[in-house]
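**Q** Sequence:
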Amino acid sequence: MVGCRQIIQGEVGRLYPALVGCHAAFHYHRARFSNFSDIVHVWPVCCEKVTKFQEHADEEMRKLQTADEITVDLMGLHLLMKNLVPSLPKIFNTPSSRKQWIGVLCDFRPVVERIFGFFKENEQGHDFSPRCTQAILTARYLWTRATVLKLFIEDVCTDYSEVERCIILWAVSSEKYFNSTFFQ
3 MVGCRQIIQG
13 EVGRLYPALV
23 GCHAAFHYHR
33 ARFSNFSDIV
43 HVWPVCCEKV
53 TKFQEHADEE
63 MRKLQTADEI
73 TVDLMGLHLL
83 MKNLVPSLPK
93 IFNTPSSRKQ
103 WIGVLCDFRP
113 VVERIFGFFK
123 ENEQGHDFSP
133 RCTQAILTAR
143 YLWTRATVLK
153 LFIEDVCTDY
163 SEVERCIILW
173 AVSSEKYFNS
183 TFFQ
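Per our numbering, the very first residue in the sequence shown carries number 3; after that it's consecutive.
Since the hints were made in silico from the structure, they are not lab data.
With a straight-line cut-off of 25 Å between C-alpha atoms, the simulated DMTMM-like cross-links for lysine to aspartate or glutamate are: (1) Lys-84 x Glu-115; (2) Lys-101 x Glu-156; (3) Lys-51 x Glu-115; (4) Lys-122 x Asp-40; (5) Lys-101 x Glu-115; (6) Lys-65 x Glu-50; (7) Lys-84 x Glu-71; (8) Lys-51 x Glu-71; (9) Lys-122 x Asp-109; (10) Lys-152 x Glu-115; (11) Lys-101 x Asp-40; (12) Lys-122 x Glu-71.
Model the full structure from these sequences, guided by the hints.
**A** Below, the structure written as structure tokens:
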């Protein structure tokens, strides 16, 4: 890259090197941009949420705001996972709301698993920063919680019962418990 820059600067000026640099950077980070594109495909408000996230991120995820590496896919993944968090106990009280939540989870599943596969597959080939590794662990934790809740709803709850136990299960499955059980 440096050799190309030295050759090009003398001939064309600044525009051509900038174009080549943008193309090379995009090519190098193509998989990360593709991950983010997949998230936007299943959750169209992602771009808006990422912009707000960059302004008002919590302390843990503020580490993803860096100029050192591309982390937009992890920001999108984190926000996608946060979108699955049941916000109101009433959301699970009717069969239709449970079915809708499970439908959203199933829509997100191929994208989430492909992104997890990308990071798992490239652990040896890429040198991901500790901030990326921690963001992936957090996203896996949230995904595991959501999947456990989905299985609980599908296999334990009847169609006509209130599902207060789902919210209790969500609350009981604390980060400390899930991280120590599944990820260490």
